[in-house]
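Colleague: Spelled out, the chains give:
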Amino acid sequence: MSERGHRMSTEHDNPYDLLADDHDASHRWAFGTGFTDPLEGVDTSVPPGLDEGALARYCLALGDDALIYSHRLQQWVTRMPELEEETAIANIALDLLGQARMLLARAGAILGQTEDQLAFFRAENAFRNVRLAEHEDRDFAELVGRLLIFAAWRLALFQELSAAPDPVLAAIAAKGVPELTYHRDYAARWVVRLGDGTGLSRERMQRALGNLWPLRAELLRPDPDASEVIGTASASPGAIDAVLEMVLAAAGLDRPDVVPLAPVGGHAGRDGVHTEAMGYILAEMQSVARAFPDATW
Amino acid sequence: MAESEWPLYEVFLRGKRGLNHVHVGSLHAADPQMALHHARDLYTRRNEGVSIWVVKACDITASSPDEKDPFFAPSGDKVYRHPTFYEIPDDVPHM
Amino acid sequence: MTITAQPDLEAHFDETIAQDRRVEPRDWMPEAYRATMIRQIAQHAHSEIIGMQPEGNWITRAPSLRRKAILLAKVQDEAGHGMYLYSAAETLGADRADLTGKLISGRQKYSSIFNYPTLTYADVGVIGWLVDGAAICNQVPLCRSSYGPYARAMVRICKEESFHQRQGYELLLTMMGGTAGQREMVQDATNRFWWPSLMMFGPPDDASPNTEQSMRWGVKRHTNDELRQRFVDMTVPQAEKLGVTLPDPRLRWNEARGHYDFGPVDWAEFKAVVAGNGPCNAQRVARRQAAHDDGAWVREAAVAHARKSQDRAEQARLTGEANHG
Numbered sequence: 001m002s003e004r005g006h007r008m009s010t011e012h013d014n015p016y017d018l019l020a021d022d023h024d025a026s027h028r029w030a031f032g033t034g035f036t037d038p039l040e041g042v043d044t045s046v047p048p049g050l051d052e053g054a055l056a057r058y059c060l061a062l063g064d065d066a067l068i069y070s071h072r073l074q075q076w077v078t079r080m081p082e083l084e085e086e087t088a089i090a091n092i093a094l095d096l097l098g099q100a101r102m103l104l105a106r107a108g109a110i111l112g113q114t115e116d117q118l119a120f121f122r123a124e125n126a127f128r129n130v131r132l133a134e135h136e137d138r139d140f141a142e143l144v145g146r147l148l149i150f151a152a153w154r155l156a157l158f159q160e161l162s163a164a165p166d167p168v169l170a171a172i173a174a175k176g177v178p179e180l181t182y183h184r185d186y187a188a189r190w191v192v193r194l195g196d197g198t199g200l201s202r203e204r205m206q207r208a209l210g211n212l213w214p215l216r217a218e219l220l221r222p223d224p225d226a227s228e229v230i231g232t233a234s235a236s237p238g239a240i241d242a243v244l245e246m247v248l249a250a251a252g253l254d255r256p257d258v259v260p261l262a263p264v265g266g267h268a269g270r271d272g273v274h275t276e277a278m279g280y281i282l283a284e285m286q287s288v289a290r291a292f293p294d295a296t297w
Numbered sequence: 001m002a003e004s005e006w007p008l009y010e011v012f013l014r015g016k017r018g019l020n021h022v023h024v025g026s027l028h029a030a031d032p033q034m035a036l037h038h039a040r041d042l043y044t045r046r047n048e049g050v051s052i053w054v055v056k057a058c059d060i061t062a063s064s065p066d067e068k069d070p071f072f073a074p075s076g077d078k079v080y081r082h083p084t085f086y087e088i089p090d091d092v093p094h095m
Numbered sequence: 001m002t003i004t005a006q007p008d009l010e011a012h013f014d015e016t017i018a019q020d021r022r023v024e025p026r027d028w029m030p031e032a033y034r035a036t037m038i039r040q041i042a043q044h045a046h047s048e049i050i051g052m053q054p055e056g057n058w059i060t061r062a063p064s065l066r067r068k069a070i071l072l073a074k075v076q077d078e079a080g081h082g083m084y085l086y087s088a089a090e091t092l093g094a095d096r097a098d099l100t101g102k103l104i105s106g107r108q109k110y111s112s113i114f115n116y117p118t119l120t121y122a123d124v125g126v127i128g129w130l131v132d133g134a135a136i137c138n139q140v141p142l143c144r145s146s147y148g149p150y151a152r153a154m155v156r157i158c159k160e161e162s163f164h165q166r167q168g169y170e171l172l173l174t175m176m177g178g179t180a181g182q183r184e185m186v187q188d189a190t191n192r193f194w195w196p197s198l199m200m201f202g203p204p205d206d207a208s209p210n211t212e213q214s215m216r217w218g219v220k221r222h223t224n225d226e227l228r229q230r231f232v233d234m235t236v237p238q239a240e241k242l243g244v245t246l247p248d249p250r251l252r253w254n255e256a257r258g259h260y261d262f263g264p265v266d267w268a269e270f271k272a273v274v275a276g277n278g279p280c281n282a283q284r285v286a287r288r289q290a291a292h293d294d295g296a297w298v299r300e301a302a303v304a305h306a307r308k309s310q311d312r313a314e315q316a317r318l319t320g321e322a323n324h325g
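Residue numbers (this note's numbering), protein chains in the order written: chain W, 1 to 297; chain R, 1 to 95; chain V, 1 to 325.
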């Protein structure tokens, strides 16, 4: 057991000497915050022939999904069932926040707005997230069930987007694929643990799936901007279903047989028509920024 | 031990440039797969290319480095039969 | 087989301490040393976990996405620090679930500072500046703790916390260079957190009965008053640079002492908060308890699933053996 190295690192009697130490490891303590620039070397001009408006709208949609989803996960901090899960959920929330920032920045570059202007000063009907993202998880079973559905869907999308004609969107998607793979894996394992755990956990997990399933259909609605940006109107339902079937089978859970959540006059999240939860989310998220509209933070 | 308690696992990492696994700490998990995931979150901050071993603490038998272990030590659940925390070499990603 | 006699074990332990070497998990140690260490490390761990709450309070409302990410990462770090410290305590024979029980029942404490509410976004910056600053002052000496696993955990933690402190201070610099409303917010937060930060160093030396034994055992390296003075000396120039006024009319440089003189701390307030009667004590513990209680069914499910999986694997193995046997 070596002490010499240990001794040298503890010679500091002045705590502020530590601040002068080598701090190459900025990536060590805050990951998912985009400290390493995934857009390094990427040409950020919009490729000719690509519909800028569609690209901006689509990036906004994917960015809002991640931003609002991350908000819901942030609300679970200090409420997780075990300390190790605190780290895991903060991880996922940070990853999604990082994706949101890059996507909003991409949309913002086209629209002439910053990521913060978009996040904090848009009204509710200008947010394009799907309604699944804004759902409040009533318990841990809903937390992992919703994350499974969301991550499976988003991963399938991002895998397609890694080949998008827009190099920035492609770079963002490429970075997101391993993150979403991790999120999907985390959620899937927990769905299995709960489904194949105790009688109580199975009951809660089955009930959670029943509550969440109606929000799935919206994910597969054809998106005209997506056709424009990547050539396919939506993620392939088959790919996502295959994942969900596998997890349900391993968990010993039944596929819910429920009706999709109705849109409002044919409109849903992508159209800026949300659930009643959305207003409260934005009231919380935007409160400080809006109280000091001229401030820099 | 209560029904809801997760056993203690010790975590060993080998960094990208490392030659062997080094003990970095411990965590609680319900099963080995979960322990691996938690170890990635907590001890590697999701750095790629790090090899992780997790071992249930109760499966580890340790010696006393300075041979001062009393022969008639109290028996029972001596849960602290852990290997010592070794100095972490530079090439193990910071935890 | 040698039977090592108790006096030899004690002498060896004393020698280890006297030589400023580390005591390691498998070494013999006096029961009082073990108990003191467990308590100190556990209370430190509890502080990290409870400390997630006052700051976590502002994650969803952070006014920029960058600040939100930084704060979320910081709170995540704190969870990690708590876990490193619980790990160190467990090497001494403690059990984390048991320690959690002691936290919830009030038998073990956490840093008194976290019993104060975070009422504005500026509190996030002030906590980074003052609370993390005080924590660093307390913690750097602990990197030389006589107990090896604790000392090593502290080295790890101190490196990460220096980032936290800088981020907090940087936020305050930005706000103080901003609008009048932002500046007022920072001054108000400073007014509320200054005295509680001084209280983080514990009661005055003449009211600290355990200090002497703790110092002899290398559990503690400096006295409360020494650390408190050091913190004040370092922080006053930082406050001046920020342009905030520290809420102490008696604060002034004493040339003869070579230190800042500062006003009396309200030890009655400190006692009340430590006894459980601060503004947020009940709330902080209740949140921790709720997470723990509400999560029991989840933890149980994971254990049940692990057992079932193991049984299935064992069955498969036996079947395999039977088929090939």
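Don't read these hints as lab results, they were simulated from the structure.
Hints should not be assumed to be uniformly reliable.
Below are the DSS-like pairs computed for lysine-lysine, each with C-alpha atoms no more than 25 Å apart in a straight line [claimed, not checked]:
#1 R:LYS56 <-> V:LYS308
#2 V:LYS109 <-> V:LYS241
#3 R:LYS56 <-> R:LYS16
#4 V:LYS241 <-> V:LYS102
#5 V:LYS159 <-> V:LYS102
#6 R:LYS16 <-> V:LYS241
#7 W:LYS175 <-> R:LYS16
Okay, the calculated bits of chain W under chain V, using three or more residues with CB under 8 Å as the criterion [stated by the list, open to error]:
#8 91-99
#9 183-195
#10 253-263
Just so we're clear, the structure is a prediction, and the values are computed from it rather than from any experiment.
We treat Cβ as the ideally placed atom computed from N, Cα and C, and that holds for glycine.
Colleague: Each of the hints needs a verdict: does it hold here or not?
Modeller: Evaluated hints:
no.	hint	result
1	R:LYS56 <-> V:LYS308	holds, 18 Å
2	V:LYS109 <-> V:LYS241	violated, 35 Å
3	R:LYS56 <-> R:LYS16	holds, 24 Å
4	V:LYS241 <-> V:LYS102	violated, 42 Å
5	V:LYS159 <-> V:LYS102	violated, 29 Å
6	R:LYS16 <-> V:LYS241	violated, 43 Å
7	W:LYS175 <-> R:LYS16	holds, 21 Å
8	91-99	holds (count 5)
9	183-195	holds (count 3)
10	253-263	violated (count 0)
Checked against the numbered hints listed earlier, the structure breaks hints 2, 4, 5, 6 and 10; every other hint is satisfied.
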